[in-house]
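Q: Residues per chain, in single letters:
Protein chains: 2
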Amino acid sequence: MKLLHDRIIQDGLAFDDGTLKVDSFINHQMDPILMKSIAVEFVRRFANLPINKIITIEASGIAPAIMLGYLLELPVVFVKKKTPKTMEKMYLSSVYSFTKDRTYDVCVSEEYLSKDDNVLFIDDFLANGNAALGVKSLIDQAGATLSGMGFIIEKSFQEGHQRLVDLGINVQSLARVGSLAGGKVQFID
Amino acid sequence: MKLLHDRIIQDGLAFDDGTLKVDSFINHQMDPILMKSIAVEFVRRFANLPINKIITIEASGIAPAIMLGYLLELPVVFVKKKTPKTMEKMYLSSVYSFTKDRTYDVCVSEEYLSKDDNVLFIDDFLANGNAALGVKSLIDQAGATLSGMGFIIEKSFQEGHQRLVDLGINVQSLARVGSLAGGKVQFID
Numbered sequence: 001m002k003l004l005h006d007r008i009i010q011d012g013l014a015f016d017d018g019t020l021k022v023d024s025f026i027n028h029q030m031d032p033i034l035m036k037s038i039a040v041e042f043v044r045r046f047a048n049l050p051i052n053k054i055i056t057i058e059a060s061g062i063a064p065a066i067m068l069g070y071l072l073e074l075p076v077v078f079v080k081k082k083t084p085k086t087m088e089k090m091y092l093s094s095v096y097s098f099t100k101d102r103t104y105d106v107c108v109s110e111e112y113l114s115k116d117d118n119v120l121f122i123d124d125f126l127a128n129g130n131a132a133l134g135v136k137s138l139i140d141q142a143g144a145t146l147s148g149m150g151f152i153i154e155k156s157f158q159e160g161h162q163r164l165v166d167l168g169i170n171v172q173s174l175a176r177v178g179s180l181a182g183g184k185v186q187f188i189d
Numbered sequence: 001m002k003l004l005h006d007r008i009i010q011d012g013l014a015f016d017d018g019t020l021k022v023d024s025f026i027n028h029q030m031d032p033i034l035m036k037s038i039a040v041e042f043v044r045r046f047a048n049l050p051i052n053k054i055i056t057i058e059a060s061g062i063a064p065a066i067m068l069g070y071l072l073e074l075p076v077v078f079v080k081k082k083t084p085k086t087m088e089k090m091y092l093s094s095v096y097s098f099t100k101d102r103t104y105d106v107c108v109s110e111e112y113l114s115k116d117d118n119v120l121f122i123d124d125f126l127a128n129g130n131a132a133l134g135v136k137s138l139i140d141q142a143g144a145t146l147s148g149m150g151f152i153i154e155k156s157f158q159e160g161h162q163r164l165v166d167l168g169i170n171v172q173s174l175a176r177v178g179s180l181a182g183g184k185v186q187f188i189d
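Protein chains in written order, with our numbering: chain A, 1 to 189; chain B, 1 to 189.
It is possible that some hints are incorrect.
DSSO-like, lysine-lysine: derived pairs with alpha carbons at most 27 angstroms apart [said to hold, decoys possible]: (1) A:Lys81 - B:Lys89; (2) B:Lys36 - B:Lys2; (3) B:Lys89 - A:Lys89; (4) A:Lys21 - B:Lys80; (5) A:Lys81 - B:Lys81; (6) B:Lys100 - A:Lys21; (7) B:Lys100 - A:Lys89; (8) B:Lys80 - A:Lys100; (9) A:Lys100 - A:Lys85; (10) B:Lys115 - A:Lys81; (11) A:Lys184 - B:Lys184; (12) B:Lys81 - B:Lys136; (13) B:Lys2 - A:Lys21; (14) B:Lys89 - B:Lys21; (15) A:Lys100 - A:Lys115; (16) A:Lys89 - A:Lys36; (17) B:Lys2 - A:Lys82; (18) B:Lys81 - B:Lys100; (19) A:Lys85 - B:Lys89; (20) B:Lys136 - A:Lys80; (21) A:Lys81 - A:Lys36; (22) B:Lys100 - B:Lys85; (23) B:Lys89 - A:Lys21; (24) B:Lys2 - A:Lys85; (25) A:Lys81 - A:Lys136; (26) A:Lys80 - B:Lys115; (27) A:Lys136 - B:Lys81; (28) A:Lys36 - B:Lys100; (29) B:Lys2 - A:Lys100; (30) A:Lys81 - B:Lys82; (31) A:Lys85 - B:Lys115; (32) B:Lys136 - B:Lys21; (33) B:Lys82 - A:Lys80; (34) B:Lys100 - A:Lys100; (35) A:Lys85 - A:Lys136; (36) B:Lys2 - A:Lys81; (37) B:Lys100 - B:Lys21; (38) A:Lys115 - B:Lys21; (39) B:Lys2 - B:Lys80; (40) B:Lys115 - A:Lys82.
Just so you know, the hints here were simulated from the structure itself, not pulled from any lab data. Fair warning: this is a prediction, and the values are worked out from it, not measured in the lab.
Same shape as in the complex, but just chain A:
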């Protein structure tokens, strides 16, 4: 996706430790026009799948997911990273975050994910794939069908992509970053 590649080159900050900072346009300050273009590209990538619901994870996945839900006229469910007091029946899974070096719970109400759902998961980043696998566990617990996973940016030098593909998941990342060496972003396709 050229528009996204160009924007990452222009406004992204790459660091040798594998960090790619895009918080001026994706995950702290957000560019809604870019988010709409990203959603359009997801429509194209997942065309013809019988999706009835978008699922994402708070907080940075919500913007692209709601834009995609708007275009497809589908409900969007966001998985929560904390267990709300008011939620009674829910699916729960644990996710280990390397960035934060801690394990956190992800959960979704049983009311909003069921065996009748055919879902598309959307998130901002794919790195080691732990968060995506945590959400996959929720989808599996609900007996729902996972049609695909779409990410804005993938760190292709980490193992997430392969872990998901090995499970037979249709993974679409709009920008695949092969290297951040020397503070320079290199895309792999």
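Using the hints provided, position chain B relative to the given structure of chain A.
A: The following block gives chain B in isolation, referenced to the frame of chain A:
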């Protein structure tokens, strides 16, 4: 906003303890078409203000804020409830949550809020106003101008609305709930 009132009556769950559960269409599962209509109403309510940026707070504020940012073609900044390791210079404020009976920090990077900004704050709920006042503190620390605050639902039987109005803030709530007594939602206008 009749569409929103009708939806709250249809799908909201009211409890005598003052809880209004709208997580089937606003803050867990989200209806993107409704979010677009909500954003259009915010455009109408805040027409002619010299806003250059939308500010919201994770996670439930992001959907209406990004839709509004999309319509107005303005950047959207979401205030974080945790202090990210990668954020160096930020404005910070503490918020006490009655619902969760704990104090949490809210923060925004100094890069995305400055004295040149004229911001509109958007969130899903206004109750006691503590979260909104926490964000106002961040806006004040940055020397930015606050043009108004827009909420999808206001619990008008709590003190938030009056606390914000007393500070001279232009507060617009699209559904003002006067009472939840007997599990019945009553609007005040």
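Q: Take the hints in turn and mark each one as holding or not.
A: Verification of the hints:
1. Restraint check for lysine 81 (chain A) and lysine 89 (chain B): the C-alpha separation of about 25 angstroms stays at or below 27 angstroms, so the hint holds.
2. About 14 angstroms separates the Cα atoms of lysine 36 (chain B) and lysine 2 (chain B), which keeps this hinted pair within 27 angstroms; it holds.
3. A threshold of 27 angstroms between alpha carbons decides the hint, and for lysine 89 (chain B) with lysine 89 (chain A) the separation of about 40 angstroms lies outside it, so the pair is violated.
4. Between the alpha carbons of lysine 21 (chain A) and lysine 80 (chain B) the distance comes to roughly 16 angstroms, so the proposed pair stays at or under 27 angstroms and holds.
5. Note on lysine 81 (chain A) and lysine 81 (chain B): the hinted pairing holds, with a Cα-Cα distance of about 12 angstroms set against a maximum of 27 angstroms.
6. Restraint check for lysine 100 (chain B) and lysine 21 (chain A): not satisfied, since their Cα atoms lie roughly 31 angstroms apart, outside the 27 angstroms limit.
7. With a C-alpha separation of about 19 angstroms, the suggested pairing of lysine 100 (chain B) with lysine 89 (chain A) holds against the 27 angstroms cut-off.
8. Between lysine 80 (chain B) and lysine 100 (chain A), the direct Cα distance comes to roughly 15 angstroms. Compliance with the 27 angstroms bound is thereby established for this hinted pair.
9. For the proposed pair lysine 100 (chain A) and lysine 85 (chain A), the alpha carbon gap of about 24 angstroms is at most 27 angstroms, so the pair holds.
10. Of the supplied pair hints, the one linking lysine 115 (chain B) and lysine 81 (chain A) is violated, its CA atoms being roughly 33 angstroms apart against a limit of 27 angstroms.
11. For the given pair, lysine 184 (chain A) sits about 58 angstroms from lysine 184 (chain B) by alpha-carbon distance, which is inconsistent with the 27 angstroms threshold.
12. For the suggested pair lysine 81 (chain B) and lysine 136 (chain B), the alpha carbons sit about 14 angstroms apart, so the restraint of at most 27 angstroms is met.
13. The hinted pair formed by lysine 2 (chain B) and lysine 21 (chain A) fails the criterion: a straight-line CA distance of about 42 angstroms is larger than 27 angstroms.
14. Distance check on the hinted pair: lysine 89 (chain B) and lysine 21 (chain B) sit about 36 angstroms apart at the alpha-carbon level, beyond 27 angstroms; violated.
15. Under the criterion of a C-alpha separation no larger than 27 angstroms, the hint pairing lysine 100 (chain A) with lysine 115 (chain A) is inconsistent with the structure, at around 33 angstroms.
16. Between lysine 89 (chain A) and lysine 36 (chain A) the CA atoms are separated by roughly 33 angstroms; this puts the pair beyond 27 angstroms, and the hint is violated.
17. With a CA separation close to 33 angstroms, the supplied pair lysine 2 (chain B) and lysine 82 (chain A) exceeds the 27 angstroms bound.
18. Only pairs whose Cα atoms come within 27 angstroms are accepted, and lysine 81 (chain B) paired with lysine 100 (chain B) is accepted, the gap being roughly 14 angstroms.
19. Restraint check for lysine 85 (chain A) and lysine 89 (chain B): the C-alpha separation of about 33 angstroms exceeds 27 angstroms, so the hint is violated.
20. Note on lysine 136 (chain B) and lysine 80 (chain A): the hinted pairing holds, with a Cα-Cα distance of about 25 angstroms set against a maximum of 27 angstroms.
21. A C-alpha spacing of about 25 angstroms is found between lysine 81 (chain A) and lysine 36 (chain A), which places the hinted pair at or below 27 angstroms, so the restraint holds.
22. Between the alpha carbons of lysine 100 (chain B) and lysine 85 (chain B) the distance comes to roughly 24 angstroms, so the proposed pair stays at or under 27 angstroms and holds.
23. For a cut-off of 27 angstroms, the pair hint linking lysine 89 (chain B) to lysine 21 (chain A) stands: about 14 angstroms separates their Cα positions.
24. As the CA atoms of lysine 2 (chain B) and lysine 85 (chain A) are separated by approximately 30 angstroms, the hinted pair breaks the 27 angstroms bound.
25. For a cut-off of 27 angstroms, the pair hint linking lysine 81 (chain A) to lysine 136 (chain A) stands: about 14 angstroms separates their Cα positions.
26. Between the alpha carbons of lysine 80 (chain A) and lysine 115 (chain B) the distance comes to roughly 34 angstroms, so the proposed pair goes past 27 angstroms and is violated.
27. At roughly 25 angstroms between alpha-carbon atoms, lysine 136 (chain A) and lysine 81 (chain B) fall within 27 angstroms of each other, so this suggested pair holds.
28. Distance check on the hinted pair: lysine 36 (chain A) and lysine 100 (chain B) sit about 34 angstroms apart at the alpha-carbon level, beyond 27 angstroms; violated.
29. Restraint check for lysine 2 (chain B) and lysine 100 (chain A): the C-alpha separation of about 44 angstroms exceeds 27 angstroms, so the hint is violated.
30. A C-alpha spacing of about 12 angstroms is found between lysine 81 (chain A) and lysine 82 (chain B), which places the hinted pair at or below 27 angstroms, so the restraint holds.
31. Between the alpha carbons of lysine 85 (chain A) and lysine 115 (chain B) the distance comes to roughly 38 angstroms, so the proposed pair goes past 27 angstroms and is violated.
32. Simply put, lysine 136 (chain B) and lysine 21 (chain B) have alpha-carbon atoms about 26 angstroms apart, close enough for the 27 angstroms limit, and the pair holds.
33. The suggested pairing of lysine 82 (chain B) with lysine 80 (chain A) holds, with an alpha-carbon distance near 14 angstroms, which does not exceed 27 angstroms.
34. Distance hint between lysine 100 (chain B) and lysine 100 (chain A) is fulfilled; the C-alpha atoms sit about 23 angstroms from each other, no more than 27 angstroms.
35. Proposed proximity of lysine 85 (chain A) and lysine 136 (chain A) is supported: the alpha carbons are some 23 angstroms apart, at most 27 angstroms.
36. The suggested pairing of lysine 2 (chain B) with lysine 81 (chain A) is violated, with an alpha-carbon distance near 33 angstroms, which exceeds 27 angstroms.
37. At most 27 angstroms may separate the alpha-carbon atoms for a hinted pair to count; lysine 100 (chain B) and lysine 21 (chain B) meet this at roughly 15 angstroms.
38. A distance of roughly 24 angstroms separates the Cα atoms of lysine 115 (chain A) and lysine 21 (chain B); the hinted pair therefore holds under the 27 angstroms criterion.
39. Taking the CA atoms of lysine 2 (chain B) and lysine 80 (chain B), the gap is near 32 angstroms; set against the 27 angstroms cutoff, the hint is violated.
40. Taking the CA atoms of lysine 115 (chain B) and lysine 82 (chain A), the gap is about 34 angstroms. The hint is violated against a cut of 27 angstroms.
Violated hints, listed in ascending order, are 3, 6, 10, 11, 13, 14, 15, 16, 17, 19, 24, 26, 28, 29, 31, 36, 39, 40; each of the other numbered hints is respected by the structure.
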